[in-house]
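There are 2 protein chains.
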Amino acid sequence: MAAWGERLAGVRGVLLDISGVLYDGGEDGGTPIPGSVEAVARLKLSKLKVRFCTNDSQKSRRDLVGLLQRQGFDISEGEVTSPAPATSLILKERGLRPHLLIHDGVRSEFDQIDTSNPNCVVIADAGEGFSYQNMNEAFRVLMDLEKPVLISLGKGRYYKETSGLMLDVGAYMKALEYACGIEAEVVGKPSPEYFQLALKEMGVEAHEAIMIGDDIMGDIGGAQRCGMRALQVRTGKFRPSDEQHPEVKADGYVDNLAEAVNLLLQHAIK
Amino acid sequence: MAAWGERLAGVRGVLLDISGVLYDGGEDGGTPIPGSVEAVARLKLSKLKVRFCTNDSQKSRRDLVGLLQRQGFDISEGEVTSPAPATSLILKERGLRPHLLIHDGVRSEFDQIDTSNPNCVVIADAGEGFSYQNMNEAFRVLMDLEKPVLISLGKGRYYKETSGLMLDVGAYMKALEYACGIEAEVVGKPSPEYFQLALKEMGVEAHEAIMIGDDIMGDIGGAQRCGMRALQVRTGKFRPSDEQHPEVKADGYVDNLAEAVNLLLQHAIK
Chain A
1 MAAWGERLAG
11 VRGVLLDISG
21 VLYDGGEDGG
31 TPIPGSVEAV
41 ARLKLSKLKV
51 RFCTNDSQKS
61 RRDLVGLLQR
71 QGFDISEGEV
81 TSPAPATSLI
91 LKERGLRPHL
101 LIHDGVRSEF
111 DQIDTSNPNC
121 VVIADAGEGF
131 SYQNMNEAFR
141 VLMDLEKPVL
151 ISLGKGRYYK
161 ETSGLMLDVG
171 AYMKALEYAC
181 GIEAEVVGKP
191 SPEYFQLALK
201 EMGVEAHEAI
211 MIGDDIMGDI
221 GGAQRCGMRA
231 LQVRTGKFRP
241 SDEQHPEVKA
251 DGYVDNLAEA
261 VNLLLQHAIK
Chain B
1 MAAWGERLAG
11 VRGVLLDISG
21 VLYDGGEDGG
31 TPIPGSVEAV
41 ARLKLSKLKV
51 RFCTNDSQKS
61 RRDLVGLLQR
71 QGFDISEGEV
81 TSPAPATSLI
91 LKERGLRPHL
101 LIHDGVRSEF
111 DQIDTSNPNC
121 VVIADAGEGF
131 SYQNMNEAFR
141 VLMDLEKPVL
151 ISLGKGRYYK
161 ETSGLMLDVG
171 AYMKALEYAC
181 GIEAEVVGKP
191 SPEYFQLALK
201 EMGVEAHEAI
211 MIGDDIMGDI
221 GGAQRCGMRA
231 LQVRTGKFRP
241 SDEQHPEVKA
251 DGYVDNLAEA
261 VNLLLQHAIK
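From first to last, the protein sequence lines are chains A and B. So for the first sequence, the numbering used here puts the first residue at 1; every next one is plus one. So for the second sequence, the numbering used here puts the first residue at 1; every next one is plus one.
In isolation and in its complexed conformation, chain A is listed as follows:
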């Protein structure tokens, strides 16, 4: 691999994944990953632009930011790209009235959306809300539509909480896709439109931006397909086998966000 100086040359903006990079979630609210609070603070003191780009679809942006602030992170709502507000916008633009299979924690993001007489289904990480009954209800709504539209907030396979690995929305998206013989539209990483939204909100071109994440497919592969660079941290859902992934090779692997920020402050634009 080339030297870090070469790999990080010209980086002007940094997209940070949240879960597994800043903190590990959990029933108690989760815990910050050691060194990440300080790393974010140092990054924001630098000349680099910073934006948070999450696939968390279980909490409203306000709740997520509040939780991170209580853990000591320097973060505000306006700095976060998250799938629920992005979806809400799409629904309004296309005149879609969703049947919502989502967690109560994120319901406030859809307060302004008409959900009567649904003409599509929106699924997010519903957690315990993924009961058989709720899944069957969403399935029946789709089967009753002439042209079923399924929008999924991310397509993650699983994420890591303090208690262990947790099935993510992608698994349930696949279940509905298979049952109905359809393909979902994904709002969230690794969808190119979603990365482009985050880049636009940060005001940096893809070739000048770098993604830092723990998900080899969603964060690393997705960002690279958009022309960005990407570093994988060895925290969160990282598994050693990711470093020998058959399809995706990160521009670098680092132990954690603190190491990534050290390297960026040393080698990205001064």
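No lab work stands behind these hints: they were computed from the structure. Not one of these hints is a red herring.
Which copy is meant is left open, so a pair is good if it fits within one copy or across any two.
Straight line, CA to CA, 30 Å or less: simulated DSS-like cross-link-like pairs of lysine-lysine:
| id | residue 1 | residue 2 |
| --- | --- | --- |
| 1 | 147 | 249 |
| 2 | 92 | 200 |
| 3 | 147 | 160 |
| 4 | 147 | 92 |
| 5 | 47 | 249 |
Starting from the known structure of chain A, arrange chain B on it as the hints suggest.
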């Protein structure tokens, strides 16, 4: 299409799907499809061999047969090929100790199976048992195995109950396949091994056998790939679009089992 006489010539044995052909299931036990009780009786009085071949994995064979007998069907346990006993046999042969994600109604079929320290996961149509917690538990068992083995009792997309369409085990199989990056082994239609088991138990060669089912992929496509003929009934989960399916074309479409039996008694071997 050729005349019925030509299409049914040389048929000596009939495999009958149960749900959607004999009866529509439901919370109250379901109801027989009009004409099916008499059709089975007439078939069994003929020279044709008859066997029931189901993917029902929510009930033990004993409970399923009891339910059908109470509805008036002439059927006994020894005449039924069903996925739970077939799986139980496979587990014993391969020394597999399953984590079971199944309905309580079928648990008795696994009474003789060691489930301590699991080295595989078996999923069946668990119905309400497909809670997030149960799915996540099965997922974690698979992720902890060096070589994850997932056995699925059928891979149906949905079935029909009196209350409407119901998500079947296939959707949940796909969810676990995606989350773990693995492929399940299917015990049930349309697996060729499963059809061959039913044919062997009936004592008829594939080219002399015909399948009667309501599932265009699982029953019709699966049986045809094994060298059998297959008729689709317009009952159960049948949808009009099945008759224009891009990949699978039945050897005939009939309104219900009664019509299928009329044709068979007229045109199959006398």
